[in-house]
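Visitor: Residue strings, one per chain:
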Amino acid sequence: MLSGNEAVALGAWEAAVAVGCGYPGTPSTEILEALATQPEVYTEWSVNEKVALEVGVGASLAGGRALVTMKHVGVNVAADPLFTASYLGVRAGLVIITADDPDMHSSQNEQDNRHYAIAAKVPMLEPSDSQEAREFTKLAFELSETYDTPVFLRMTTRLSHSKSLIEAFPGGEPVRGTAPIAPGFVSDPGKYVMIPGNARRRRVAVEERMNRLIADAAAHPSNRVEWPTGEPDDGAKAPLGVITSGIPYTYVREAAPDVPVLKIGLVNPLSPQLIADFAAKVETLYVVEELDPVIENQLKAWGIDCIGKDAFPAIGEFTPAIVAAGLGLGEPSVGIEPALSVPPRRPGLCQGCPHDHVFLELRRKGMLISGDIGCYSLGVLPPYNAMDTLLDMGASITMAQGMDIVAPAEQRGKIAAVIGDSTFAHSGITGLLNAVWNRRDGLYIVLDNGTTAMTGMQPNPMSGERMGREDSVSVDYELLAKAFGIPEKNVGMVDAYDTAGISAAIDTLAERSGVRLLVVLGLCLIEGQKLKRINKLDGKLASRKELIFLNKVEGAK
Amino acid sequence: MSDVFNVLMVGVGGQGIVLASDIVAEAAALAGLDAKKSEIHGMSRRGGPVFSHVRFGERVYAPVIDLGQAHVILAMEPMELLRWSAWARPDAAACYLAEPILPVGVDEYPDGLDAEIDRLFARVVRVELGEIRRTVPLKVRNTALLGAASVFFPLEPLYVQQALEALSPRGTYEANQAAFDIGRGLAEQQLSGVSHVE
Numbered sequence: 001m002l003s004g005n006e007a008v009a010l011g012a013w014e015a016a017v018a019v020g021c022g023y024p025g026t027p028s029t030e031i032l033e034a035l036a037t038q039p040e041v042y043t044e045w046s047v048n049e050k051v052a053l054e055v056g057v058g059a060s061l062a063g064g065r066a067l068v069t070m071k072h073v074g075v076n077v078a079a080d081p082l083f084t085a086s087y088l089g090v091r092a093g094l095v096i097i098t099a100d101d102p103d104m105h106s107s108q109n110e111q112d113n114r115h116y117a118i119a120a121k122v123p124m125l126e127p128s129d130s131q132e133a134r135e136f137t138k139l140a141f142e143l144s145e146t147y148d149t150p151v152f153l154r155m156t157t158r159l160s161h162s163k164s165l166i167e168a169f170p171g172g173e174p175v176r177g178t179a180p181i182a183p184g185f186v187s188d189p190g191k192y193v194m195i196p197g198n199a200r201r202r203r204v205a206v207e208e209r210m211n212r213l214i215a216d217a218a219a220h221p222s223n224r225v226e227w228p229t230g231e232p233d234d235g236a237k238a239p240l241g242v243i244t245s246g247i248p249y250t251y252v253r254e255a256a257p258d259v260p261v262l263k264i265g266l267v268n269p270l271s272p273q274l275i276a277d278f279a280a281k282v283e284t285l286y287v288v289e290e291l292d293p294v295i296e297n298q299l300k301a302w303g304i305d306c307i308g309k310d311a312f313p314a315i316g317e318f319t320p321a322i323v324a325a326g327l328g329l330g331e332p333s334v335g336i337e338p339a340l341s342v343p344p345r346r347p348g349l350c351q352g353c354p355h356d357h358v359f360l361e362l363r364r365k366g367m368l369i370s371g372d373i374g375c376y377s378l379g380v381l382p383p384y385n386a387m388d389t390l391l392d393m394g395a396s397i398t399m400a401q402g403m404d405i406v407a408p409a410e411q412r413g414k415i416a417a418v419i420g421d422s423t424f425a426h427s428g429i430t431g432l433l434n435a436v437w438n439r440r441d442g443l444y445i446v447l448d449n450g451t452t453a454m455t456g457m458q459p460n461p462m463s464g465e466r467m468g469r470e471d472s473v474s475v476d477y478e479l480l481a482k483a484f485g486i487p488e489k490n491v492g493m494v495d496a497y498d499t500a501g502i503s504a505a506i507d508t509l510a511e512r513s514g515v516r517l518l519v520v521l522g523l524c525l526i527e528g529q530k531l532k533r534i535n536k537l538d539g540k541l542a543s544r545k546e547l548i549f550l551n552k553v554e555g556a557k
Numbered sequence: 558m559s560d561v562f563n564v565l566m567v568g569v570g571g572q573g574i575v576l577a578s579d580i581v582a583e584a585a586a587l588a589g590l591d592a593k594k595s596e597i598h599g600m601s602r603r604g605g606p607v608f609s610h611v612r613f614g615e616r617v618y619a620p621v622i623d624l625g626q627a628h629v630i631l632a633m634e635p636m637e638l639l640r641w642s643a644w645a646r647p648d649a650a651a652c653y654l655a656e657p658i659l660p661v662g663v664d665e666y667p668d669g670l671d672a673e674i675d676r677l678f679a680r681v682v683r684v685e686l687g688e689i690r691r692t693v694p695l696k697v698r699n700t701a702l703l704g705a706a707s708v709f710f711p712l713e714p715l716y717v718q719q720a721l722e723a724l725s726p727r728g729t730y731e732a733n734q735a736a737f738d739i740g741r742g743l744a745e746q747q748l749s750g751v752s753h754v755e
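So the sequences go chain by chain: A and B.
Per my numbering, the very first residue in the first sequence carries number 1; after that it's consecutive.
Per my numbering, the very first residue in the second sequence carries number 558; after that it's consecutive.
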């Protein structure tokens, strides 16, 4: 049994992928972690999703199959290279995983990334179980090379984190295929250098490619029509039919085992022929898709009558019962109802988290807290109630700047940004640069716990390790600040356990002008346990103590 | 739909729900059945409730259990059993560790949980911590509960044992197997006279 994420990694490995890169983000993280266990594949956690996609495009152009993984909001970060990578095309296959999060289990929004495939003119496949995740990954690489395009594979949380059986390996062992393209970059500026003149020509090539794909989509092996009780005779119609894709397909089959289904694997582009043929053979056509009415709207644009969001929710995940109710096939069952109600068990910072004190201090001091993405986002919840804004990766530092520009005098000295170490490296550093360049005032606090904890302990450029716990650089906050021209007295490092020191450092730095950077060092407890097991804990703690000793906040008690 | 057996496993973070549910799904696969399981990792679960859906049968489509469809709920904590009871069928069995864990920010644990659980569920196996505290190390308590709940599974114990052997972290198989047997023994004792679900 494999999870959807593990199955993608297996499929990529079987497809002789050469490079795997991405930025951790639930629910996508486990794909690269699984791939990283395979020595034949170069894997890295990249600084952010834009970087990861660009590394992937480069690898593809140099002739190595590349898998780039990210969560749905990560594609926003990678959108800049994405739209033009579509024009460049590929040499070896380039597959981008977008792991969407219907229901927002671990995300700040619920965006439907099928829109990206349409907007960037990139084909997209969507599997519905682990075996399909494995197969579609291989199909995605083939599609990429056949049509000279990056290809999206869309996962969702429920698919990524569910386990199901995969087909046995022939001969008992997994077999790594042979790369169809030999490594080597072949210069072709007209295709790979997107100045306007070249881009105009490639724009035409992209359009032709999509038209070719539309024509071929009906026969793509990821699409199939199921007539469980037999296909109707010519001219006859089944009373009910369903068009669906991805994990909702499993709910449709669960709720209505006998209903005819057009299961779409290639969700972009859709095949008008396939859909029209199916629609002609059913009386009432339903479109069952989570989130936005992407398939439904396309059908309606083609003049094909169907029922979609009038019967099914546009928000959140489906269940078999939701699908059954939408299809008019019965009411959801009701479970046992207890007479006793139990209090909620809210998520929160781990008990004993070294960084809880910062939140308590900031709240006690009445600061306005511009927050960011990571475990510490949970600082917004009781008992801390210590976060006023949270937008996207890196926005803590930059939103604090915008607030500071217009805030009245009594608020200005009270604004603090709070950001984790991995998020700081991802997109906080550019915000910090913006602040010093524009001569802003601001107190920016990095909560450095030595790892990317929220997604399960991935290394980052501040942590001293890269993928696979290989030793690597750890960016020196003080030297970074120095290079940015932040005065030495405005830079401080404090031990997360030094409660008096944190309080004094915040007081001291809050009163100063210009950009101030405070780094609170407290190793994640879970990461500490892991380091201990591999005999790395003492070294890590020693190096952090040294930093704190060197960078005490001047003037703090 | 009707031939699929649904096991919902719930608890709080760090109680080994995910591994225990992997073992059930693997056991079903070893028995030649189709199986799927589903859980959610990530932010919403940090310090919050943890759950895993396991489904097995001739053909399993959806990886999730609908409301009112679980045949068995295994809970590592009493309050969590009640929290998820809406997923239980009217004839569901419950198996739980009777060791309350107070949620952060809550001062008083609700009274009367055991009685309410007895009222709601058709069959109940209650494992008191005192019964296993000395014989089952903390790290394999999940396996003891799994052993207790396994009396309700339509699976030969042999397959569960094999899955346990395949999935136990290195060096822990013997402890896991012992815990499983202790849990199963306790359940059999409690239910003696009551026939197993087949």
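It is worth saying that the hints were derived from the structure and are not from the lab.
One should not assume that every hint holds.
Here are the simulated lysine-lysine pairs, DSSO-like style, with alpha carbons at most 30 Å apart [as the list claims (entries may be wrong)]:
1) A:Lys530 with B:Lys696
2) B:Lys696 with A:Lys536
3) A:Lys414 with B:Lys696
4) A:Lys552 with A:Lys365
5) A:Lys532 with B:Lys696
6) A:Lys552 with A:Lys536
7) A:Lys545 with A:Lys482
8) A:Lys545 with A:Lys530
Visitor: Next pair to validate is lysine 696 of chain B with lysine 536 of chain A; report whether the Cα-Cα distance is within 30 Å.
Guide: 24 Å, holds
Visitor: Between lysine 545 of chain A and lysine 530 of chain A, is the straight-line Cα distance small enough, at 30 Å or below?
Guide: Holds: lysine 545 of chain A and lysine 530 of chain A sit about 19 Å apart, inside 30 Å.
Visitor: Verify the proposed pairing of lysine 552 of chain A with lysine 536 of chain A, using a straight-line Cα cut of 30 Å.
Guide: Holds, at about 25 Å.
Visitor: Going straight from one Cα to the other, do lysine 545 of chain A and lysine 482 of chain A come out at no more than 30 Å?
Guide: Given that 30 Å is the threshold and the Cα spacing comes to 20 Å, the pair holds.
Visitor: With the threshold set at 30 Å, check whether the alpha-carbon distance from lysine 532 of chain A to lysine 696 of chain B stays at or below it.
Guide: With a Cα-Cα distance of about 18 Å, the restraint between lysine 532 of chain A and lysine 696 of chain B holds, given a limit of 30 Å.
Visitor: Regarding the pair lysine 414 of chain A and lysine 696 of chain B, is the alpha-carbon distance no greater than 30 Å?
Guide: 46 Å, violated
Visitor: Is the Cα-Cα distance between lysine 530 of chain A and lysine 696 of chain B 30 Å or less?
Guide: 16 Å, holds
Visitor: Keeping to a limit of 30 Å between CA atoms, is the pair of lysine 552 of chain A and lysine 365 of chain A held or broken?
Guide: 21 Å, holds
The structure shown violates just one earlier hint, number 3.
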